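Residue numbers (my numbering), protein chains in the order written: chain A, 1 to 350; chain B, 351 to 692.
By construction, these hints were calculated from the structure, which means they are not laboratory data.
This one's a predicted model, so the numbers in the text were calculated from it and none came from an experiment.
Each hint should be verified, as a subset may be incorrect.
What the hints assert, rightly or not - Within a straight-line C-alpha distance of at most 25 Å, the following computed DMTMM-like cross-link-like pairs (lysine to aspartate or glutamate) qualify:
hint: 1; chain 1: B; residue 1: K498; chain 2: B; residue 2: D477
hint: 2; chain 1: A; residue 1: K299; chain 2: A; residue 2: D36
hint: 3; chain 1: B; residue 1: K573; chain 2: B; residue 2: D477
hint: 4; chain 1: A; residue 1: K256; chain 2: A; residue 2: D311
hint: 5; chain 1: B; residue 1: K676; chain 2: B; residue 2: E560
hint: 6; chain 1: A; residue 1: K349; chain 2: A; residue 2: D176
hint: 7; chain 1: A; residue 1: K256; chain 2: B; residue 2: D648
hint: 8; chain 1: B; residue 1: K498; chain 2: A; residue 2: E65
hint: 9; chain 1: A; residue 1: K338; chain 2: A; residue 2: D327
hint: 10; chain 1: A; residue 1: K329; chain 2: A; residue 2: D311
hint: 11; chain 1: A; residue 1: K205; chain 2: B; residue 2: D648
hint: 12; chain 1: B; residue 1: K498; chain 2: A; residue 2: D267
hint: 13; chain 1: B; residue 1: K498; chain 2: A; residue 2: D55
hint: 14; chain 1: A; residue 1: K87; chain 2: A; residue 2: E120
hint: 15; chain 1: A; residue 1: K201; chain 2: B; residue 2: D648
hint: 16; chain 1: A; residue 1: K164; chain 2: B; residue 2: D648
hint: 17; chain 1: A; residue 1: K256; chain 2: B; residue 2: D517
hint: 18; chain 1: A; residue 1: K87; chain 2: A; residue 2: D36
hint: 19; chain 1: A; residue 1: K167; chain 2: B; residue 2: D648
hint: 20; chain 1: A; residue 1: K349; chain 2: B; residue 2: D648
hint: 21; chain 1: B; residue 1: K498; chain 2: A; residue 2: D85
What the hints assert, rightly or not - So the derived label-pair ranges between C-beta atoms look like this:
hint: 22; chain 1: B; residue 1: A382; chain 2: A; residue 2: I117; range: 30 to 38 Å
hint: 23; chain 1: A; residue 1: P204; chain 2: B; residue 2: A359; range: 53 to 61 Å
hint: 24; chain 1: B; residue 1: F495; chain 2: A; residue 2: G270; range: 20 to 28 Å
hint: 25; chain 1: A; residue 1: D311; chain 2: B; residue 2: W510; range: 41 to 49 Å
hint: 26; chain 1: B; residue 1: I450; chain 2: A; residue 2: S341; range: 47 to 55 Å
hint: 27; chain 1: B; residue 1: A652; chain 2: A; residue 2: K338; range: 30 to 38 Å
hint: 28; chain 1: A; residue 1: I117; chain 2: B; residue 2: G649; range: 31 to 39 Å
hint: 29; chain 1: A; residue 1: G200; chain 2: B; residue 2: I450; range: 47 to 55 Å
hint: 30; chain 1: B; residue 1: Y547; chain 2: A; residue 2: E113; range: 52 to 60 Å
hint: 31; chain 1: B; residue 1: Y377; chain 2: A; residue 2: D311; range: 58 to 66 Å
hint: 32; chain 1: B; residue 1: Y377; chain 2: A; residue 2: I117; range: 52 to 60 Å
hint: 33; chain 1: B; residue 1: V392; chain 2: A; residue 2: D319; range: 25 to 33 Å
The C-beta atom is built at its ideal place from N, Cα and C for all residues, glycine as well.
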Amino acid sequence: MFKKFKKIAAVTAAAGLLGLALSACSSAEKATTEADCGTEKAFCIGLVTDIGKVDDKSFNQSAWEGAQQAATENNGFAKYVETQDPKDYAANIALFADAGYNAIVTVGFLMAEATTIAAEKYPDVKFIGVDQFNGGASANYSGLIFPEDKAGFIVGYLGGYLTKTGKTAAIAGGPDSIPPVRKFIEGFVAGVEYASQEQGKSYPKASSVYYTGANAFNDPAWGASTAQQYLDQDVDVIFSAGGKTGNGGLARTAQKAGAYCIGVDTDQWGTVPEAQACLVTSAMKLIPQGVVALIGQVKAGTFAGGNFVGDVGAAPYHDFDATIPADVKDKVAALTAKIISGEVATGVKQ
Amino acid sequence: MLRLQAVGAVINMMTTALRSRKSLYFYIVVIAIAFAYSVNSVSTVAVAASSITFGLPLAMAAMVGIMCERTGVVNIGIEGTLLTSAFFGFFVAALSQNLIWGLLAAIASGAVTGLLLALLTVSWKMDQIIAGTIVNILATGLTSFFYKQGYSLPAIFPRWSIPGLSDIPFLGRVFFQSGPITYFGLILIFVLYVAMYHTAWGLRTRAIGEYPSSAETSGISVKKFKYINVVIAGAFGGLTGAYLTLELVGSFDRGFSAGKGFTALAIMIFGRWNPIGALLAAIFFGFAQALANQLMIDGLVAIPGPFINMLPYVLTIVVLAFSAGKVRGPAAAGQPYEREQA
Chain A
1 MFKKFKKIAA
11 VTAAAGLLGL
21 ALSACSSAEK
31 ATTEADCGTE
41 KAFCIGLVTD
51 IGKVDDKSFN
61 QSAWEGAQQA
71 ATENNGFAKY
81 VETQDPKDYA
91 ANIALFADAG
101 YNAIVTVGFL
111 MAEATTIAAE
121 KYPDVKFIGV
131 DQFNGGASAN
141 YSGLIFPEDK
151 AGFIVGYLGG
161 YLTKTGKTAA
171 IAGGPDSIPP
181 VRKFIEGFVA
191 GVEYASQEQG
201 KSYPKASSVY
211 YTGANAFNDP
221 AWGASTAQQY
231 LDQDVDVIFS
241 AGGKTGNGGL
251 ARTAQKAGAY
261 CIGVDTDQWG
271 TVPEAQACLV
281 TSAMKLIPQG
291 VVALIGQVKA
301 GTFAGGNFVG
311 DVGAAPYHDF
321 DATIPADVKD
331 KVAALTAKII
341 SGEVATGVKQ
Chain B
351 MLRLQAVGAV
361 INMMTTALRS
371 RKSLYFYIVV
381 IAIAFAYSVN
391 SVSTVAVAAS
401 SITFGLPLAM
411 AAMVGIMCER
421 TGVVNIGIEG
431 TLLTSAFFGF
441 FVAALSQNLI
451 WGLLAAIASG
461 AVTGLLLALL
471 TVSWKMDQII
481 AGTIVNILAT
491 GLTSFFYKQG
501 YSLPAIFPRW
511 SIPGLSDIPF
521 LGRVFFQSGP
531 ITYFGLILIF
541 VLYVAMYHTA
551 WGLRTRAIGE
561 YPSSAETSGI
571 SVKKFKYINV
581 VIAGAFGGLT
591 GAYLTLELVG
601 SFDRGFSAGK
611 GFTALAIMIF
621 GRWNPIGALL
631 AAIFFGFAQA
641 LANQLMIDGL
651 VAIPGPFINM
661 LPYVLTIVVL
671 AFSAGKVRGP
681 AAAGQPYERE
691 QA
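Chain B with its partners taken away, still in its complex shape (with noise of 0.2 Å):
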């Protein structure tokens, strides 16, 4: 009897689930890999392993962002907090000649600029704004001062190939074959999503990005708060920032990170400020990028290339334009919060 009920508990669970929108989505999307395959298994493959590396770094710089606005703290510097720690941790590694060092170097290094991003904002109140673009101009000067041609990795990090799940055909190559970062920033991102949302540390941050006077008023530390999740989102910049250099490309150059922080910040409200929606918006953006590329790779239809160049941009907004609805961000976002006095 209690079985019977149980499964039907579960019945009625998939069925739900089954008529949600959000699972329709799903199918569509299954359906048309599924179809995509079958066409052409080697450029679906392709395709689609493109659309984790070209979206991951973008999912984990939102992931910056998204810790950051939730507290109440608009970080426009992630672009300074990449750069930074891709520098600091093709040097270190360089010099070192050790990948490990180089990695918690860039981690490291992250952190300062989270907890230089903290003390600008929240000890000393400065404009959000401000202090972001500041931090965004210093690792611009700072790295390309430095910078010195001629250095290079022993390595990169190897992709490791998980055994038994790496053969599975298609999500074997997209998922299980990966290099280190990218599994530890995919599962980072769950972790962060379950943190956000299941937790205690999740419901206090949250409370602070949107009303920071009564987290104030319920015994939180609204100061400590805010330091402590801008620096740990620093430090996730900072793995950002060595997933390309380390993991990605294997070299440094001035500007390395041409622009990624900031279309990061676009894909944090693209996931509607939540880090599994930022990690689906990167990998769509990462697909978009990766089909225009394998448009011009087959030659199969005849638009000039700045056009297709445009395709990620275009499907984002026509994206945005038929599903976002109404966003809203956490309401005391970008606001220095001052405690108020009897």
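The following block holds chain A by itself, in its conformation from the complex (with noise of 0.2 Å):
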């Protein structure tokens, strides 16, 4: 029994390295060619991505719209890869840096660690870390970071004046020790709490679920059964986010008349479509912008490493606009004025 599942774990490493070696490259249009890299003329972007996919509907891949828009904007050049295992996020960032690349985008607050120690290693690489807090000193290394909060607190406001049962929960795809997850869940609850009050309502507060594991994003199945766990307890607004657990959570809900959700990060009304029926926004985070204003400074020379905080906001009601009432679309448009200009305090920590 246990030989056999010493062999399972053997074979399974190198089918992992197989199927890293076979998915890793895939490369993007060209305006300079990937052999030009490292030399004066080329501009050569690379993005490597967090565990998730680079089309993952969420964070991974609205950072490389950024970096194909960088690219195209820049005359350069932009190629991804998708890391398969958090042991080769070094190994992923070397392939770039080592082929001369100019900037590298690592996507994630799991591989801060690793563009730190690589920002030190390749003094001459500009490394964009999305969704990382730079607490270093390297001139090289810039986070791009996002008060998430505000974008929870936004959304949640609008749940509490869409919620009936008053029961409003939040799905999260990813532990509560990543920042940038537990700032939109908390910003969400704080939203709900502070739009309760507003009604003299004394909505529960909203409840929230943190996933952790090897498949804290990519878990579609359990974010649905999850969404339907809090469905079945009466609660109407759900915010689902993270990965595609949460786009999973998302399209469960839909399946619920009468229940709202609320995507994450970009606008997933056209990343999640079968979500339609009950997505009323999303909370965003300006992500491919705040990419290609990183790369622009690269490119410009003007890059100086330290902090890039990039700009949150609601996404679009899309067919909601028709249903959602009038005072209530002023008050979250009034809100996210305040919140947003630092008027109204979210409350969470940072």
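Got two chains here, each in a separate frame; can you build the complex from them with the hints?
Here you go:
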């Protein structure tokens, strides 16, 4: 028995490596070609995803869109590597750094450590860490961070006005030890409470479930089952945040008539069409714009390192524009301005 | 007089059943559910229903493993079967805008992965672990490569409330307000149990899994049996994939099965290669997952999320350690069968 499992482990590891080799490289449109990277005239952008996929309809995809756009704008070349295993972060970064890429975008909080180390090892390469707080001094590493709590607060506020049962909930594809995940969720909870007080109602605190583990971002079935567990308890507003796990929660919520769901990171109306029956809005981080801005700095030679705070907001209501009462829309718009300016604090620990 | 005897026999059977250890566990579970229900009926029903939602795909996937290993073929390609069938189920349903076509495509593609495994292991006598890995790699590679965003299903399989039964408190929501694949899957698990232990097919299958050359001697075509069982198991895996995409989630993403095929192997061992055992093991595992969620939902205990997420795994280890005893799988599982030449 034990021998069998040892064999399984070994073969699985080998298979993983093979899979990595097979799926690792996919190139985008070519302004300059990859062969030019490292030469004077070429401008090359490499992107390393977190264990999620580049088409996760969420943060990896947003960052890749930004990288592609930046490549077009700067007449450069962009390419990505999908990380299959956290142990490969450094190796994947090295793929680009060793090839003489100018800018490397690493996506996700979990890659912060690997990126910090790489920034020291390759001082000539500029590193952009999406969702990473750069606590160090490297001048060639800039964290692209977002006030996720503000985005969460705005959609939570809307949810607090939309709920009929008074029960709201959040599903987090990711543990609360990842600040962007936690800030989204806690912002949402605070937003619901704010709306509840404003209406003079005493809604129970929005509940939240965090998912930890190797598949935290990549388990739609878990997200769907958890959403169902909420729906069975009369929750009618669900903020489902976190890669494919979150997408599963959105899709499941769409099956219940009268329930609302809220997406995350990008406007998920387009990326998760199966959720359109419930998707009122998404708590957005303007990741592509942030990536484009930072890569623009690299190209212009003004890249300074440190941290770059990107913008957040709520996505358009799309089909729900007609059904959400006008006064609620006005209130959300007014609150959005106050939250962004800092006039109203979210109260979420940063 | 006869009637008295019959009553006596029934009483005798009942008292024996009452005294057995299995029914002791049953009473403990019933009492615990009744207690939880009296404290908070809404949460109890939600947790119980979620136990089924979380557990059912694992139970169904474990049946794939049971059918294969009982017939002497180790199948670590369940993950690949789930992924392939979910892929075909989703895209056929999305393109034809018809769920039934999707369901059939999922079952057929699952059967094809079973056929591939049978070809590799039975005909070509390849190492079964490698063969299963090939199925997994192929599934991951092909579904990732051909996956395209932007398709969606016309609907998902709706829940069917069974008239009368669905109104029963607790049991109604937990068992009788589910989707068609859930009902079908549960029935198939019981059918498999009966077939495995009470039919000639089952006896032959188990004989092949334990001692194939002896089965061959008694006139059973080992090769044919292995082929049939592994392909049927693949179709069962296809049904599981269809459940995930067409009934539970309603979407497909790359890497959609998220390791459920591997968890199913553990469930199979936990359930001692017995369909009902695996069903109970899967529901137990699903319960632990639902309980972990509920602990976070209610926020009653201040335990960090990652520790709560460990609950299903920790509980499984504890239960295994105390209840399992010596677990032994089919003796001939994993060994390619060569007919002896006289």
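Hint check results:
For a cut-off of 25 Å, the pair hint linking B:K498 to B:D477 is broken: about 34 Å separates their Cα positions. Pair hint A:K299 plus A:D36 holds up; C-alpha atoms about 16 Å apart against a cutoff of 25 Å. With a C-alpha separation of about 16 Å, the suggested pairing of B:K573 with B:D477 holds against the 25 Å cut-off. A distance of roughly 32 Å separates the Cα atoms of A:K256 and A:D311; the hinted pair therefore is violated under the 25 Å criterion.
Between B:K676 and B:E560 the CA atoms are separated by roughly 17 Å; this keeps the pair inside 25 Å, and the hint holds. For the proposed pair A:K349 and A:D176, the alpha carbon gap of about 12 Å is at most 25 Å, so the pair holds. The suggested pairing of A:K256 with B:D648 holds, with an alpha-carbon distance near 22 Å, which does not exceed 25 Å. Note on B:K498 and A:E65: the hinted pairing holds, with a Cα-Cα distance of about 16 Å set against a maximum of 25 Å.
In summary, the hint linking A:K338 to A:D327 is supported, as the alpha carbons are separated by about 17 Å, within the 25 Å threshold. With a C-alpha separation of about 20 Å, the suggested pairing of A:K329 with A:D311 holds against the 25 Å cut-off. With a C-alpha separation of about 10 Å, the suggested pair A:K205 and B:D648 falls inside the 25 Å cut-off, and the hint holds. Distance hint between B:K498 and A:D267 is fulfilled; the C-alpha atoms sit about 19 Å from each other, no more than 25 Å.
The straight-line distance between the Cα atoms of B:K498 and A:D55 is roughly 9 Å, inside the 25 Å bound, and the hint therefore holds. A C-alpha spacing of about 19 Å is found between A:K87 and A:E120, which places the hinted pair at or below 25 Å, so the restraint holds. Restraint check: the Cα-Cα separation between A:K201 and B:D648 comes to about 20 Å, which is no more than 25 Å; the hinted pair holds. With a C-alpha separation of about 20 Å, the suggested pairing of A:K164 with B:D648 holds against the 25 Å cut-off.
The straight-line distance between the Cα atoms of A:K256 and B:D517 is roughly 19 Å, inside the 25 Å bound, and the hint therefore holds. For the given pair, A:K87 sits about 29 Å from A:D36 by alpha-carbon distance, which is inconsistent with the 25 Å threshold. Distance restraint check for A:K167 and B:D648: the Cα-Cα separation of roughly 12 Å lies within the 25 Å cut-off, and the hinted pair is therefore satisfied. Taken as a hint, the A:K349 and B:D648 pair is honoured in the structure, with Cα atoms around 21 Å apart against an allowance of 25 Å.
The hinted pair formed by B:K498 and A:D85 meets the criterion: a straight-line CA distance of about 23 Å does not exceed 25 Å. In this structure the supplied range 30 to 38 Å is violated for B:A382 paired with A:I117, their Cβ-Cβ distance being about 50 Å. For A:P204 and B:A359, the hinted distance range of 53 to 61 Å is satisfied, since their beta carbons lie about 54 Å from each other. Here the CB-CB span from B:F495 to A:G270 is close to 23 Å, well matched to the stated 20 to 28 Å.
A hinted range of 41 to 49 Å for the beta carbons of A:D311 and B:W510 is consistent with their spacing of about 46 Å. Distance hint check: the CB atoms of B:I450 and A:S341 are about 54 Å apart, consistent with the given range 47 to 55 Å. A beta carbon spacing of about 32 Å between B:A652 and A:K338 agrees with the range 30 to 38 Å that was offered as a hint. A hinted range of 31 to 39 Å for the beta carbons of A:I117 and B:G649 is consistent with their spacing of about 37 Å.
In this structure the hint that A:G200 and B:I450 lie 47 to 55 Å apart at CB holds, the actual value being about 50 Å. In this structure the hint that B:Y547 and A:E113 lie 52 to 60 Å apart at CB holds, the actual value being about 54 Å. Distance hint check for B:Y377 and A:D311: the Cβ-Cβ separation is about 59 Å, which falls inside the suggested range of 58 to 66 Å. For the pair B:Y377 and A:I117, the supplied restraint of 52 to 60 Å holds, since their beta-carbon distance comes to about 57 Å.
Between B:V392 and A:D319 the C-beta distance comes to about 31 Å, which sits within the given range of 25 to 33 Å.
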